[in-house]
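J.: Listed below are the residues making up each chain.
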Amino acid sequence: MINKLLEVRNLETIFTTEEGIITAVDNVSFSIHKGETIGIVGESGCGKSVTSLSIMRLLPNNGIIRFGTIIFNGENLLKKTEKEMRDIRGNEISMIFQEPMTSLNPVYTIGEQVAETIRMHQMLNKKQVVEKSVEALRMVGIPLPEKRINEYPHQLSGGMRQRVMIAIALACNPKLIIADEPTTALDVTIQAQILELMKGLKNNLNTSIMLITHDLGVIAEMAERVLVMYAGQVVEESPVDELFNKPLHPYTEGLMKSIPRIGKNTSERLHIIKGMVPHPLEMPKGCRFNPRCDYTMDICIQRSPEYREIYPGRFVRCWKWEGLAAYE
Amino acid sequence: MAKYLIKRLAAVITVMIIVGVIVFFMMHLLPGNPAAMMLGPEATQEEITALAQKMGLDRPIPVQFIEWFSNIIKGDLGTSIFFQGMPVTQVVYNHFQATLILTLFGLFIAVFFGIVVGVIAAAFHNSFIDRFFMLITSVGVAIPNFWLGLMLALFFSIMFPILPPAGYKPFSAGFFVSIKYLILPAVAIAFGQASFLARMTRANMLEVLQNDYIRTAKAKGLPEYKVIFKHGLKNAIIPTLTVIGLSFANLMGGAVVTEQIFNIPGIGRLLIKSVFTRDYPVIEGIVLYIAAAWVIINLLVDILYSLIDPRIKY
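Quick note, the sequences are listed as chains C and P, same order.
1 is the number of the first residue of the first sequence in my numbering; add one for each residue after it.
1 is the number of the first residue of the second sequence in my numbering; add one for each residue after it.
No lab work stands behind these hints: they were computed from the structure.
Note that the structure is a prediction, hence the values are computed from the model and not measured.
One thing to keep in mind: the hints can contain errors.
Said to hold, decoys possible - So the derived list for chain C, only partly shown, Cβ under 10 Å to chain P, looks like this:
#1 56
#2 78
#3 82
#4 85
#5 95
#6 104
#7 107
#8 117
#9 120
#10 121
#11 128
#12 130
Claimed, not checked - Cβ-Cβ distance ranges computed for the label pairs, FRET-style:
#13 P:229 <-> C:150: 17 to 25 Å
#14 C:150 <-> P:62: 48 to 56 Å
#15 C:16 <-> P:14: 30 to 38 Å
We put the beta carbon where it would ideally sit given N, CA and C, even for glycine.
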C-alpha cells in the first residue's frame, strides 16, 4: 500500500547478556499509515521500547537486530549507513521519551537544545535557527518562548519540559513521531494537557505517531489502532474501538478487566492477571501466555499459536480463535 | 554573581587569617626559644636574651601577635635571618616564581591530558585503547613523582640528550628556553595527577553517557563526537573541576620535592634551606604564600564551576 509510512516485518531484536541471549522482540510485524496514530500497549519489558529503538537504530551496544525489515517511506532502514540514519533521526523520525526530567541536558538552555536539532538538519543562518526554535516552542504552548529559550531545564516544570521535548521532536516536521510513554512521568492533569497538545499537533501537521504506553486510557484517548505486546510478541492488533468492545486475546481481556471503573461495585476487587511475566531466558513452551491464561488448553502448552487475522483488521495470536480463522 | 564573589572573597580572607594565626602560634608555641635555636648551641645566655629582645620575643604573645599581624596586613612579613635582613616578601617572591610556573605548567599538563585520555577511554569503553590507558594511569597514580623525575632525566637527558637534565631559566630568558627546562619536572609532577584525573573523567563520562539526555541527543541525529564532547563532556567535567583545586595542592607538594631533583631555585628548596637554618620569618612567609595560592586557585575553580553548571546558583 502506498500510504504506508512505516512497515515493520518479522523484526527480531536480541540482546547478548552474560546469562545468555535474550530475544526482546520476537517476530514483530506491523505498519503505520500516514497521519495515523498507532498505540502499542504492554507491560514493562514486553519489548515496546526495544521495538522503537530498533526502528531508530539506537539500541544499546549489546542489542542486535537479527532479522526482519523496517521499511520507512519506501526504504529499508536496516540497510542504511549510520550517516544516513543520522539524517533520518530527529528529522524524519523523532522520539519523545518517558522522563522529561532527565531527557533534557541540564547544562544547555532549552533554546539551544531545540536549535541544535534544527541546525543539524536544515541549512539556516543563526537568526533563522533562533526564529524557528522560538516558533517550535510557541507551537507546543510554552508561554513567552522568546524569553524561555534562555532558561535551563531545571527552571521548568515536568510538563513544560515534556513540551520542550515535543518541540524538539517537532522542530524539523518529522513524518513519524515515536512517543515512548510520553505522559507516564507526569501528573494526571498535565497528562491530559500533553495528550491534547499531541493530538492537536498531529491533526495540524499530519504526522504519524507511534505511541508506546502501558496505559489503556491513553490508548483510548489517542490511538486509532492498537498493538498489544506480550513477552516480546505482538499478541493482538485491532482498531481501538473494537479492541475495547471485544478484546480477543485473553491477555488483552485481562488488561481491560484490570482497569478500575467508576460506578462499578466498589466492594468487588479489581481483576488481576495471575502469575508473572516470564523471564526472557525461560519462556514457556507453546503459547507464551499459557501459564497465566484462564482458557489454557492442551495445545496451548504444546505449540505456539500463529498470528492470524480473525476478523478484518483484527489479528490475534491465540489458539482459542483458531477455529474462527475465517481467512483460510 | 557579584554577591557570590564578595562572599567568596570574605571567605578567602577568613581562611588566610586562620592560616596566619596557626602559623604564628605554631612558631611561637614550639618548645624552646626561637632565638636560642637560631643562635645554635654555642650561644651564651646574654646573646640569646639580646636577640630575643631584638625580635620582640620578650613581650607577651598577644602583643607579638597583634604586631606581627598588623605588619602582615601592611605587606611586611619581617626580615629574613639567613638572607642578612632581606625582606621576607622579597626572598619568598624570588623563589616563588619558579615554583608557581612549574606548578601551573604541571596543572595544565595534568588537566589537559587527564581529560583527553579520560574521554577517549570512556568513548572506547572496554576496547584495547581503554585498557591500555587504564594500565598506564594505574601505573601513573602509583609511582612517586621524584622517582619518575629521576627516570625522565635519565632517559631524556642522559640516554637521549634532548632536554636539559636540570636547571631553571625564567621567562625573561625566552618562553621556549624556559619551557624546555620545565618540561621534565612538570611532567614528573603532573603524571600522577593526570592519571588520577583521567581515571576520574573516564568514570564520570561512563556514568554521564548512560543518561537519558545522551539518548535524546542521539535521537536528534547528532554525530557521535558531538554527543560525547558537547553533551557528555560538559556534564562529566563538573566533578573533575572540583578536584582540580586539590590537584593544585598535590602538584605544589610535588614541585617542592621535584625542585631538588631538577635543581630549580623554587620555594621547595627555599623551604628546606629555611628549615635547616631556622629562618622562621621565611618559613612563615612561605606557608602564607602557598596557602594564598591554594585559596586563589580554589576560588577560580569555584567560579568556573558556576559558569559551567547553570544549576549552581549563589
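J.: Hint by hint, say whether it matches the structure.
T.: Okay, the hints, checked on the actual structure:
| no. | hint | result |
| --- | --- | --- |
| 1 | 56 | holds (6 Å) |
| 2 | 78 | violated (17 Å) |
| 3 | 82 | holds (8 Å) |
| 4 | 85 | holds (8 Å) |
| 5 | 95 | holds (4 Å) |
| 6 | 104 | holds (6 Å) |
| 7 | 107 | holds (5 Å) |
| 8 | 117 | holds (5 Å) |
| 9 | 120 | holds (5 Å) |
| 10 | 121 | holds (6 Å) |
| 11 | 128 | violated (18 Å) |
| 12 | 130 | violated (17 Å) |
| 13 | P:229 <-> C:150: 17 to 25 Å | holds (23 Å) |
| 14 | C:150 <-> P:62: 48 to 56 Å | holds (55 Å) |
| 15 | C:16 <-> P:14: 30 to 38 Å | violated (57 Å) |
When each numbered hint is compared with the structure, violations occur for hints 2, 11, 12, 15.
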